[in-house]
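*Asks:* Sequence:
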Amino acid sequence: IGAYARQIEAIRTAVPGYGEGWKCKLVMASVLESSGLNITRLTVEDPHGKIDTVRLSPAAYLQIVAATNYKQRVRKMTEYYHADRLNYAVAGTPNRLEYDQGFFVKNGDGAADVKPIAHLYKSQVYALAAHLGIPEEICRRAPTTDTYSLEQTQEEFYFSLPYQLMDLCLYGMNHGISAGVVAAAAGLTAAQVEKVYKDIVSKRRAARYLHARPQLPAAMDRD
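Going letter by letter, the sequence shown gives residues -9 to 213 in my numbering.
Note that these hints are calculated values from the structure, not bench results. Hints are supplied without guarantee of correctness; some may be wrong.
[What the hints assert, rightly or not] Here are the simulated lysine to aspartate or glutamate pairs, DMTMM-like style, with alpha carbons at most 20 Å apart:
hint	residue 1	residue 2
1	Lys188	Glu23
2	Lys188	Glu145
3	Lys61	Glu127
4	Lys193	Asp103
5	Lys61	Asp36
6	Lys15	Glu126
7	Lys66	Glu23
Note that the structure is predicted; figures quoted are calculated from it, not measured.
Make the full structure from the sequences, and use the hints.
*Replies:* Next comes the structure, spelled out in structure tokens:
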């Protein structure tokens, strides 16, 4: 479908030698270590195992994201093809952390007829999996979008913190719990939790577009 060709084209604007045998992923520094705007960077590994991390131009970054989103939307089209063929509904899999913070592709993995675990924090999803007897091999496997050739976690790509800490901070913010109280439970400082709170607000702002319905030029009357 050309998604990877477009991805490679963008990568070569920052790493001209990128080619066969190379691997890549996008990474973001921990929100606890960032002193200002947290910039996504590109990490590449050459065929000899040498790893380098470089900064991307805005155009290259957007093209890489567009290419990976392209793949996810094609996958979703395939899901809907089979759902239509079998007269089924499509189930989406975002948990509360992902849904709240916009960790999904609009009209890609974010498209679904029902999202049965969107109200559950990620920690609760793992607890539910254990209760249902889901095999440990599946529970331990790192979730991945399968769009980058280097192993990539959700933490280093988007959340900037392990999900256990993100869940605590999101719960605290949702329930008006002070940063100091959350910090004591999470093993962080109050200042660090305040940073996470600000990051949550920032991601919610960016996620408005993902949650928004299509805009109409005028209200649709019933007459």
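*Asks:* Now look at each hint and say whether the structure bears it out.
*Replies:* Evaluated hints:
1. Lys188 with Glu23: holds (14 Å)
2. Lys188 with Glu145: holds (17 Å)
3. Lys61 with Glu127: Status violated; Cα separation ~26 Å.
4. Lys193 with Asp103: violated (24 Å)
5. Lys61 with Asp36: Violated, at about 24 Å.
6. Lys15 with Glu126: violated (26 Å)
7. Lys66 with Glu23: Status violated; Cα separation ~35 Å.
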